[in-house]
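Trainee: Residue-level listing of the chains:
Number of protein chains: 2
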Amino acid sequence: MPDSRETTLALDPKYDATGLITAVATDRATGAVLMLAHMNAEALRLTVDTGEAHFWSRSRGALWKKGETSGHVLRVTDIRIDCDQDAVWLIVDPAGPACHTGERSCFYRRIERERLVLVA
Amino acid sequence: MPDSRETTLALDPKYDATGLITAVATDRATGAVLMLAHMNAEALRLTVDTGEAHFWSRSRGALWKKGETSGHVLRVTDIRIDCDQDAVWLIVDPAGPACHTGERSCFYRRIERERLVLVA
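Taken in sequence, the protein lines are chains Z and G. Residue numbers are given in this note's numbering: position 55 of the first sequence equals residue 177, and the series is strictly consecutive. Residue numbers are given in this note's numbering: position 56 of the second sequence equals residue 178, and the series is strictly consecutive.
Calculated directly from the structure, the hints in this document are not laboratory data. A virtual CB, placed ideally from N, CA and C, is assigned to each residue, including glycine. Treat the hints loosely; a few may be bogus.
[Unchecked claim] Pairs of lysine to aspartate or glutamate, EDC-like flavour, derived with a Cα cap of 20 Å:
hint	chain 1	residue 1	chain 2	residue 2
1	G	Lys136	Z	Glu234
2	Z	Lys136	G	Glu234
3	G	Lys187	G	Asp171
4	Z	Lys136	G	Glu236
5	G	Lys136	G	Asp208
6	Z	Lys187	Z	Asp149
7	Z	Lys136	Z	Asp206
8	G	Lys187	G	Asp215
9	Z	Lys187	Z	Asp200
10	G	Lys136	Z	Glu236
11	Z	Lys187	Z	Glu174
[As the list claims (entries may be wrong)] To give an idea of the chain G side of the interface with chain Z (calculated C-beta under 10 Å), a few residues:
hint	residue
12	Thr130
13	Leu131
14	Ala154
15	Met157
16	Leu166
17	His222
18	Thr223
19	Cys228
20	Tyr230
21	Arg232
22	Arg237
[Claimed, not checked] Which residues of chain G face chain Z? A partial, calculated answer using Cβ under 7 Å:
hint	residue
23	Val146
24	Leu158
25	Ile203
26	Asp204
27	Ala209
28	Trp211
29	Glu236
From just these sequences and the hints, can you work out the full model?
Mentor: Next up, the structure:
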């Protein structure tokens, strides 16, 4: 029997034991995956309500608006949720580099066997 | 001080307490996020070695080759790892629907306030 979360048109996020779902952001223009982070219910609500990506920082134990200090906000043009409602996909227009390292995307290295190679 | 995982060109995945990293797969042709899942070290190694996506099923507690029974394998054309090496991005050519529901992508619903809307 399919989980009702798969078929419903009601938003019913399946938060994990720590109250979080996973969020992945892709660049609307390039399709690149920019970053992966986590959201609690408040971060998801704020993202939907404001159109700017909010997350929950597991390391700091705090709600976090992406770009709050750097100005590199992620303007959300579309939010999708997956079959079992434990992950969301944000399609965004980034105001600057999405990675705290200054890279446009956090995924700036390719895995080639045991080595990593910088992506142009 | 930046974490050495951010700057190294050595593969050094940061597995969580349960031995997993997060994996997101996007369609090489369309850029769509197809699915989000988890990998243990063996799933990552098999994915790199075989060029087909392998995951760890948290619900079944078992290694899982995507498409093993359905035939809907994900052929991996590129694997990238994020800044802190706790997530990988697979760019794939899917052999069929990526979602077990039969949808091409697990993200077949858009969040609009409290409601979900099916994406065409």
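Trainee: Hint by hint, say whether it matches the structure.
Mentor: Going through the hints against the structure:
1. As the CA atoms of lysine 136 of chain G and glutamate 234 of chain Z are separated by approximately 17 Å, the hinted pair is consistent with the 20 Å bound.
2. Taking the CA atoms of lysine 136 of chain Z and glutamate 234 of chain G, the gap is near 17 Å; set against the 20 Å cutoff, the hint holds.
3. Between the alpha carbons of lysine 187 of chain G and aspartate 171 of chain G the distance comes to roughly 13 Å, so the proposed pair stays at or under 20 Å and holds.
4. For the given pair, lysine 136 of chain Z sits about 14 Å from glutamate 236 of chain G by alpha-carbon distance, which is consistent with the 20 Å threshold.
5. Proximity of lysine 136 of chain G to aspartate 208 of chain G is assessed by CA-CA distance (about 5 Å); at most 20 Å being required, the pair is judged to hold.
6. At most 20 Å may separate the alpha-carbon atoms for a hinted pair to count; lysine 187 of chain Z and aspartate 149 of chain Z meet this at roughly 17 Å.
7. A C-alpha spacing of about 7 Å is found between lysine 136 of chain Z and aspartate 206 of chain Z, which places the hinted pair at or below 20 Å, so the restraint holds.
8. With a C-alpha separation of about 15 Å, the suggested pair lysine 187 of chain G and aspartate 215 of chain G falls inside the 20 Å cut-off, and the hint holds.
9. Distance restraint check for lysine 187 of chain Z and aspartate 200 of chain Z: the Cα-Cα separation of roughly 17 Å lies within the 20 Å cut-off, and the hinted pair is therefore satisfied.
10. Between lysine 136 of chain G and glutamate 236 of chain Z the CA atoms are separated by roughly 14 Å; this keeps the pair inside 20 Å, and the hint holds.
11. Taking the CA atoms of lysine 187 of chain Z and glutamate 174 of chain Z, the gap is about 8 Å. The hint holds against a cut of 20 Å.
12. With a least beta-carbon distance of about 7 Å to chain Z, the hint placing threonine 130 of chain G at the interface is held under the 10 Å criterion.
13. Satisfaction of the interface hint for leucine 131 of chain G is found here, the shortest Cβ-Cβ separation to chain Z being roughly 5 Å, below the 10 Å cut-off.
14. Of the supplied interface hints, the one on alanine 154 of chain G holds, with its beta-carbon coming within about 8 Å of a beta-carbon of chain Z, less than 10 Å.
15. The closest approach between the C-beta of methionine 157 of chain G and any C-beta of chain Z is roughly 7 Å, which is under the 10 Å cut-off, so the hint is satisfied.
16. For leucine 166 of chain G, the interface hint holds, the least distance from its beta-carbon to any beta-carbon of chain Z being 8 Å, beneath 10 Å.
17. Checking histidine 222 of chain G against chain Z: minimum C-beta separation of about 7 Å stays under 10 Å; hint holds.
18. A hinted interface residue such as threonine 223 of chain G counts as satisfied when its beta carbon comes closer than 10 Å to some beta carbon of chain Z; here the least separation is about 6 Å, so the hint holds.
19. Against a cut-off of 10 Å between C-beta atoms, the interface hint on cysteine 228 of chain G holds, since the closest Cβ of chain Z lies about 4 Å away.
20. Interface restraint check for tyrosine 230 of chain G: the shortest CB-CB distance to chain Z comes to about 7 Å, inside 10 Å, so the restraint holds.
21. Checking arginine 232 of chain G against chain Z by beta carbon gives a least distance of about 5 Å; that is within 10 Å, so the hint holds.
22. Taking 10 Å as the C-beta cut-off, the interface hint given for arginine 237 of chain G holds, the closest approach to chain Z being about 6 Å.
23. At a threshold of 7 Å, the smallest CB-CB gap from valine 146 of chain G to chain Z is about 5 Å, leaving the interface hint in force.
24. Against a cut-off of 7 Å between C-beta atoms, the interface hint on leucine 158 of chain G holds, since the closest Cβ of chain Z lies about 4 Å away.
25. For isoleucine 203 of chain G, the shortest C-beta to C-beta distance to chain Z is roughly 6 Å, which falls under 7 Å, so the interface hint holds.
26. Taken as an interface hint, aspartate 204 of chain G checks out: its beta carbon lies about 4 Å from the nearest beta carbon of chain Z, inside 7 Å.
27. Below 7 Å, beta-carbon pairs count as interface contacts, and alanine 209 of chain G has one with chain Z at about 4 Å; its hint therefore holds.
28. Annotation: interface hint on tryptophan 211 of chain G holds; nearest CB of chain Z at approximately 5 Å, less than 7 Å.
29. The beta carbon of glutamate 236 of chain G comes within 5 Å of a beta carbon in chain Z, closer than 7 Å, and the hint placing it at the interface holds.
Hint check: no violations occur; every hint is consistent with the structure.
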